[in-house]
Amino acid sequence: MSTAIEIPYNSTERPDTGLYNAKLGVWLFLASEVMLFGALFSTYVLLRTGADTWENGAQIGLSIPLATINTLVLIISSVTMVMSWASLKMKSLGRYKFYMGLTILCGVVFLIIKGFEYAHKFENGIWPSTSTFMAIYFTMTGLHGLHVIGGLLVNSYLWGPGSKMWQTDPERFTNRIEVAGLYWHFVDLVWIFLFPTLYLLPGK
Amino acid sequence: MSDIHHEDVHSHVKTYIKVFVALAVGTLITVLASNFHLGIVVGIIVALIIATVKGSLVAAFFMHLSAERKPIYWVLILTATFVVVMVGLIMFARQDQQGSQQGIFAVPQGHVPAHHAETPEEAHKE
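Protein sequences, first through last, are from chains A and B.
So the first sequence is numbered by my numbering: it starts at 498 and just counts up by one.
So the second sequence is numbered by my numbering: it starts at 116 and just counts up by one.
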């Protein structure tokens with residue numbers, strides 16, 4: 498004798514906020530993420546201004562071509578992510594699966610390329626303890642990589658077993674894809690700043 | 116954005132493609148600009164301006180911030196305020212670390228520190 502409790506406002510908007518609850522919740526989560534990465538970018542500035550010399554990424558072996566490809570891969574994944582949401586708005590689960598599959602593929606490609614970069618560093622004896630620059634490089638790209646992995650797990654669930662919700666509650670499922678997209682775009686946005694900061698800025 | 120109509124989605128898709136092209140071009144411009152030895156200050160400013168424009172495009176169109184409800188904007192304004200305070204405090208602390216006499220953490224002239232810095236050996240003698 499169990500009674501299912503209906504979670505309110507997960508497909509309709511709350512009258513006071515004008516938002517469904519998941520969207521406001523994800524934006525609050527992203528606000529905390531802004532503080533997290535903001536603290537790390539501040540740390541970068543503090544370390545850089547406090548150092549007598551600072552390396553340029555390319556001069557110490559960071560691969561700008563690979564990072565450029567990775568930037569383009571993440572941008573493509575953002576487009577496919579938003580297209581997957583648009584596909585659901587156009588009532589096409591098949592197109593949603595196609596675009597979400599591409600998003601997941603792009604995320605995997607990003608991690609593989611990042612893995613090559615890391616492996617290359619380790620083979621050359623470059624570790625986080627090698628220099629202050631490498632410490633902040635591994636910290637920021639490592640944390641970003643963990644976010645990509647987290648996004649991949651969520652997107653994979655929503656592509657696979659989670660997509661069954663489309664049959665029972667399509668509006669709620671569409672909202673789920675929108676908030677998963679908000680997170681994924683944020684991860685892309687962070688990389689847009691990480692790329693020039695770590696790879697392209699001149700040394701001193 | 117949850118109240119978007121079916122027919123609006125087609126126009127949105129066209130916008131997404133345009134934003135994608137702008138982001139790709141922006142990425143290539145960033146890489147090309149880094150090859151023109153612009154100097155430290157100009158190089159940093161150019162790279163961060165391009166990154167800010169690209170980030171704004173992602174936020175405005177992919178994250179739908181160009182047409183969002185007020186509570187979201189308030190959350191972001193509050194977040195931006197806290198980020199500015201956090202970065203500001205770190206910069207002030209940096210200024211203080213450098214021994215500058217400017218800034219809110221500057222030590223007044225003639226001020227006697229409350230604690231003497233002791234080496235472990237000196238502390239052990241006592």
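These aren't lab readings, by the way, just hints derived from the structure by calculation.
Every residue gets a Cβ at the ideal spot worked out from N, C-alpha and C, and that includes glycine.
A couple of the hints might just be wrong.
Computed footprint of chain A on chain B; a stretch qualifies when at least three of its residues, placed anywhere within it, have a C-beta under 8 Å from a C-beta of chain A [claimed, not checked]:
no.: 1; region: 132-146
no.: 2; region: 151-162
no.: 3; region: 165-174
no.: 4; region: 180-194
no.: 5; region: 198-211
Computed cross-link-like contacts, DMTMM-like style, restricted to lysine to aspartate or glutamate with a CA-CA straight-line distance of at most 20 Å [said to hold, decoys possible]:
no.: 6; chain 1: A; residue 1: 701; chain 2: A; residue 2: 510
no.: 7; chain 1: B; residue 1: 185; chain 2: A; residue 2: 513
no.: 8; chain 1: A; residue 1: 701; chain 2: A; residue 2: 513
no.: 9; chain 1: B; residue 1: 133; chain 2: B; residue 2: 123
no.: 10; chain 1: B; residue 1: 185; chain 2: A; residue 2: 510
no.: 11; chain 1: A; residue 1: 588; chain 2: B; residue 2: 211
Verification of the hints:
For the region 132-146 of chain B, the proposed coverage by chain A is satisfied: 9 residues have a C-beta within less than 8 Å of a C-beta in that chain, meeting the threshold of three. As drawn, the region 151-162 of chain B meets chain A at 7 residues by the rule of a beta-carbon pair under 8 Å; at three or more, the given contact holds. Coverage of a stretch by a chain is defined here by at least three residues with a beta carbon nearer than 8 Å to that chain's beta carbons; for the region 165-174 of chain B and chain A the count is 6, and the condition holds. Chain A is given as covering the region 180-194 of chain B, and this holds because 8 residues of the stretch bring a CB closer than 8 Å to a CB of that chain, at least three being needed.
Remark: the region 198-211 of chain B is confirmed as covered by chain A, as 6 of its residues place a Cβ nearer than 8 Å to a Cβ of that chain, reaching the required three. Between the alpha carbons of residue 701 (chain A) and residue 510 (chain A) the distance comes to roughly 52 Å, so the proposed pair goes past 20 Å and is violated. Among the hinted pairs, residue 185 (chain B) with residue 513 (chain A) is consistent with the structure: their alpha-carbon atoms are about 11 Å apart, no more than 20 Å. Proximity of residue 701 (chain A) to residue 513 (chain A) is assessed by CA-CA distance (about 52 Å); at most 20 Å being required, the pair is judged violated.
Restraint check for residue 133 (chain B) and residue 123 (chain B): satisfied, since their Cα atoms lie roughly 16 Å apart, inside the 20 Å limit. In summary, the hint linking residue 185 (chain B) to residue 510 (chain A) is supported, as the alpha carbons are separated by about 13 Å, within the 20 Å threshold. A hinted pair counts as satisfied when its Cα atoms are at most 20 Å apart, and residue 588 (chain A) with residue 211 (chain B) does not qualify at roughly 59 Å.
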